[in-house]
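Trainee: Chains as they are written, first to last, in UniProt numbering: chain G, 1 to 202; chain H, 1 to 202.
Among the hints, erroneous ones may be present.
Heads up, the list lumps identical chains together, so a pair's fine if it works in one copy or across two of them.
[What the hints assert, rightly or not] No farther apart than 30 Å at their CA atoms in a straight line, the calculated lysine-lysine pairs in the DSS-like style are these:
| id | residue 1 | residue 2 |
| --- | --- | --- |
| 1 | Lys-110 | Lys-66 |
| 2 | Lys-78 | Lys-56 |
| 3 | Lys-56 | Lys-110 |
| 4 | Lys-66 | Lys-78 |
| 5 | Lys-56 | Lys-66 |
| 6 | Lys-78 | Lys-110 |
The hints are simulated quantities; they were obtained by calculation from the structure and are not laboratory data. If you're wondering where the values come from, they're calculated on a predicted model, not measured in any experiment.
Protein chains: 2
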Amino acid sequence: MSDMTSTADAPRSPGRPRSTRADEAIIEATLDLLAEGSTIEALSIEAIAARAGVGKATIYRRWSGKDTLLMDALRRLKGILPQPAGHSVRDDLILLVGAIGRNVDPRAEKIMPCLVPEVNRSPDHYRLYQNIIAPRRQLMREVLARGVAEGVLRPDLDVEVTMALLTGPMLIQRVLQWNPELNEHTLPEQVVDTVLAGIQAR
Amino acid sequence: MSDMTSTADAPRSPGRPRSTRADEAIIEATLDLLAEGSTIEALSIEAIAARAGVGKATIYRRWSGKDTLLMDALRRLKGILPQPAGHSVRDDLILLVGAIGRNVDPRAEKIMPCLVPEVNRSPDHYRLYQNIIAPRRQLMREVLARGVAEGVLRPDLDVEVTMALLTGPMLIQRVLQWNPELNEHTLPEQVVDTVLAGIQAR
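Just chain G, same shape as in the assembly:
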């Protein structure tokens, strides 16, 4: 979605193009409405337009409808992708685990916990949302595949199960404050080292 450009070709003032300013206002209005407790169902192009101070036509010039706009807004919450250095598999995994559930926008804390279950109830929304998290998941998959290729990780590794093991603890601790005994700051390193070594006595 983010490579779509406005079809408006009106003359533009210097500095930031007008369409980009409107896009920003529309994304912000969408996130504000969600953070104030709007469900996806209740969210409407009318309400977003009113909140952003733009006409509905301005939204439809840029987005095909509510769903694509919603997904662009959710993608915005996540910020830019982390960049593994590519040297040590352990260090790269700690970096990626540390980025899990870390949203760049404080509204995420209000929006995400209730929204994800609502997203999941619609197969279309679920697929769109999976597209948002797919690049992050792919980064971790590549680090694990590299570890196997380099002989650092077991050749019979189940990559998807391992990703769930690396992701789950951080996500429940960041989103749900699952266990007050855990330290969110040391957790990425503890998770990676425990998954690497295993807990079985040798």
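Model the placement of chain H on the given structure of chain G, informed by the hints.
Mentor: For chain H alone, coordinates are given in the frame of chain G:
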């Protein structure tokens, strides 16, 4: 809370005592209101009484207020504790991991994802909610401690981190349908075996 009894001592009809029937209706009304989207903040003794078809005094005879009633209702969603057999550490862990995020009540799917973040915003609610999950967490802690004592698990095991590793994957898969590539039915065994063995090449 569950060992509190009604202070009403009116004569009772045979069969189920009247107070128990009223208690059931009150708990059910609380869960219904939450499943329909009521926030904890919006939930009121008035609304619960009206929905349950009882007077407010009936609720106050049994619960000190909204918070204790809420916690009894949430405890109800979880059902009874799983019972590890106590022979194999691996089998006990698979049983406990399989019970994570499994609610006995279909309303839980609507209630829990949005409620837990709201619970966490109030230190009092957070503490009350931790009391609900503490017995489940303690069961897993005991199995891990037994594994260390029996020499099956590493003596330097970090029990809290290991519990997060065992719990996180199931919770994100059950509550968020995190990754369509994972199989919820085989996941408990896969999680336990991967955490036991570790992913490092040997």
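Trainee: Indicate, hint by hint, whether the structure satisfies it.
Mentor: Hint check results:
no., hint, verdict
1, Lys-110 x Lys-66, "both (20 Å within a copy, 23 Å between copies)"
2, Lys-78 x Lys-56, "within (26 Å within a copy, 45 Å between copies)"
3, Lys-56 x Lys-110, "within (26 Å within a copy, 32 Å between copies)"
4, Lys-66 x Lys-78, "within (19 Å within a copy, 36 Å between copies)"
5, Lys-56 x Lys-66, "within (11 Å within a copy, 43 Å between copies)"
6, Lys-78 x Lys-110, "both (14 Å within a copy, 24 Å between copies)"
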